[in-house]
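Asks: Heads up: the protein sequence lines correspond to chains U and R, in order.
In case it helps, this note's numbering puts the first sequence at residues 2 to 167.
In case it helps, this note's numbering puts the second sequence at residues 47 to 115.
Calculated directly from the structure, the hints in this document are not laboratory data.
Treat the hints with care, since some could be wrong.
Unchecked claim - Below 25 Å or equal to it, Euclidean Cα-Cα: the simulated SDA-like pairs (lysine to any residue) are: (1) U/K19 to U/E102; (2) R/K67 to U/F4; (3) U/K85 to R/E70; (4) R/K79 to U/Q23; (5) U/K85 to U/E146; (6) R/K67 to U/P83; (7) U/K114 to U/D27; (8) R/K67 to U/E90; (9) U/K19 to R/V63; (10) R/K67 to U/E55; (11) R/K67 to U/I79; (12) R/K67 to R/W87; (13) R/K67 to U/A141; (14) U/K12 to U/E107; (15) U/K120 to U/F4; (16) U/K114 to U/V103; (17) R/K67 to U/R100; (18) U/K85 to U/A95; (19) U/K120 to U/E160; (20) R/K103 to U/L18; (21) U/K19 to U/G48.
One-letter residues, chain by chain:
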Amino acid sequence: MIFRKKIQDMKTIAVLLKRAEQIAADGGIGQPGAEHLVLAAIELPDGTARAAFENCGLEASEFGKAIDNVHASALSAIGLEPAKYDNVEQTAPAPGVYRSEVSMQELFQAAAKSARARKSPFTGADVVAAAAELDQGIVAQALSEMGADRERLHFSAGEAIEASAA
Amino acid sequence: MRIPTPEDPAIALTAVVAMRKEAERLERAAVAKALSDGWTWERIARALGVSRQAAHKKHAGRTRADGHN
Numbered sequence: 002m003i004f005r006k007k008i009q010d011m012k013t014i015a016v017l018l019k020r021a022e023q024i025a026a027d028g029g030i031g032q033p034g035a036e037h038l039v040l041a042a043i044e045l046p047d048g049t050a051r052a053a054f055e056n057c058g059l060e061a062s063e064f065g066k067a068i069d070n071v072h073a074s075a076l077s078a079i080g081l082e083p084a085k086y087d088n089v090e091q092t093a094p095a096p097g098v099y100r101s102e103v104s105m106q107e108l109f110q111a112a113a114k115s116a117r118a119r120k121s122p123f124t125g126a127d128v129v130a131a132a133a134e135l136d137q138g139i140v141a142q143a144l145s146e147m148g149a150d151r152e153r154l155h156f157s158a159g160e161a162i163e164a165s166a167a
Numbered sequence: 047m048r049i050p051t052p053e054d055p056a057i058a059l060t061a062v063v064a065m066r067k068e069a070e071r072l073e074r075a076a077v078a079k080a081l082s083d084g085w086t087w088e089r090i091a092r093a094l095g096v097s098r099q100a101a102h103k104k105h106a107g108r109t110r111a112d113g114h115n
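Only chain U is shown next, with the shape it has when bound in the complex (with noise of 0.2 Å):
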C-alpha cells in the first residue's frame, strides 16, 4: 500500500513538475517559478489545488491572470509596459537536466513535507497551502491581487485534501 502510495507521489509530481517547465517555457521563462508551480498544480487532474480555490470563493483560473496583472503593474510603476510576443518565436533551454528557481524548489518542497507529514497522497492542494503560506514574492502578490485571503486559503486547501482522502 505504502509502495503504491509512493508510485503515484512520483507520478503526479512528474507531471506537476513537466507542466510548471512547460508553462514557464511557454511564457519564453526558462526556469519555472513558484507561480509556475501553482499554475501546474491548478491543472492537476485530482482538481484539489482548484477545489482549494472555489472554497474561498474564488476562480483559481484567475491566478494566471492575476500574475500578469502584478507583473504589468510593477512594470507600469517604472513607466515600462510588458512587450507582446503573440506569435513571435522564442528559444527554450536545451533539453536535459530539470531547472528550476530556488522559489519553485522551495514551494514544492514546502509542499512535498506536508503530504509527507500528513502520510496521505501529495495532491495539487499541498501545493496551494504551501503557497498560502508565503509572503512576499510574486505568488503572495498575485494571491494579493486576487483578493485571496491567506490563511483562509490554507485552510480551504486543507479541507480540500481532506475531502480527496475521504
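Using the hints, position chain R against chain U.
Replies: Showing chain R alone in chain U's frame:
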C-alpha cells in the same frame, strides 16, 4: 522609464523581478530571430557577452511560437 530608488524596497524589488522576466523574454525572442536570420552561436554569444557554450545551453532548445503573454 524611471528606475525607482530603493526608498520602498517592496516596489523596487518587485520592479527588479519584472524587469528580469521581461529581459529574459526579450532575450529569447531576440536570439530566436537572430538564429532565423542566420547568426552563428558564436556571434550570438558575443552579443550577449557570454560563452558560446552558455548561449547554446540556454537557447538551443526547440523554438516555439508564443501564443500568449
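Asks: Evaluate each hint against the coordinates.
Replies: How the hints compare with the structure:
Restraint check for U/K19 and U/E102: the C-alpha separation of about 14 Å stays at or below 25 Å, so the hint holds. A hinted pair counts as satisfied when its Cα atoms are at most 25 Å apart, and R/K67 with U/F4 does not qualify at roughly 40 Å. Taking the CA atoms of U/K85 and R/E70, the gap is near 13 Å; set against the 25 Å cutoff, the hint holds. Our distance criterion of 25 Å between C-alpha atoms is met by R/K79 and U/Q23, whose separation comes to about 21 Å.
A hinted pair counts as satisfied when its Cα atoms are at most 25 Å apart, and U/K85 with U/E146 qualifies at roughly 22 Å. With a C-alpha separation of about 10 Å, the suggested pairing of R/K67 with U/P83 holds against the 25 Å cut-off. Between the alpha carbons of U/K114 and U/D27 the distance comes to roughly 29 Å, so the proposed pair goes past 25 Å and is violated. At most 25 Å may separate the alpha-carbon atoms for a hinted pair to count; R/K67 and U/E90 meet this at roughly 17 Å.
Taking the CA atoms of U/K19 and R/V63, the gap is near 23 Å; set against the 25 Å cutoff, the hint holds. Among the hinted pairs, R/K67 with U/E55 is inconsistent with the structure: their alpha-carbon atoms are about 29 Å apart, more than 25 Å. Proximity of R/K67 to U/I79 is assessed by CA-CA distance (about 15 Å); at most 25 Å being required, the pair is judged to hold. Simply put, R/K67 and R/W87 have alpha-carbon atoms about 23 Å apart, close enough for the 25 Å limit, and the pair holds.
At most 25 Å may separate the alpha-carbon atoms for a hinted pair to count; R/K67 and U/A141 meet this at roughly 17 Å. Distance restraint check for U/K12 and U/E107: the Cα-Cα separation of roughly 20 Å lies within the 25 Å cut-off, and the hinted pair is therefore satisfied. Between the alpha carbons of U/K120 and U/F4 the distance comes to roughly 12 Å, so the proposed pair stays at or under 25 Å and holds. A threshold of 25 Å between alpha carbons decides the hint, and for U/K114 with U/V103 the separation of about 16 Å falls inside it, so the pair holds.
The suggested pairing of R/K67 with U/R100 holds, with an alpha-carbon distance near 16 Å, which does not exceed 25 Å. Restraint check for U/K85 and U/A95: satisfied, since their Cα atoms lie roughly 24 Å apart, inside the 25 Å limit. A hinted pair counts as satisfied when its Cα atoms are at most 25 Å apart, and U/K120 with U/E160 qualifies at roughly 16 Å. Annotation: proposed proximity of R/K103 to U/L18 holds, straight-line Cα distance about 20 Å (limit 25 Å).
The straight-line distance between the Cα atoms of U/K19 and U/G48 is roughly 17 Å, inside the 25 Å bound, and the hint therefore holds.
Checked against the numbered hints above, the structure violates hints 2, 7, 10; every other hint is satisfied.
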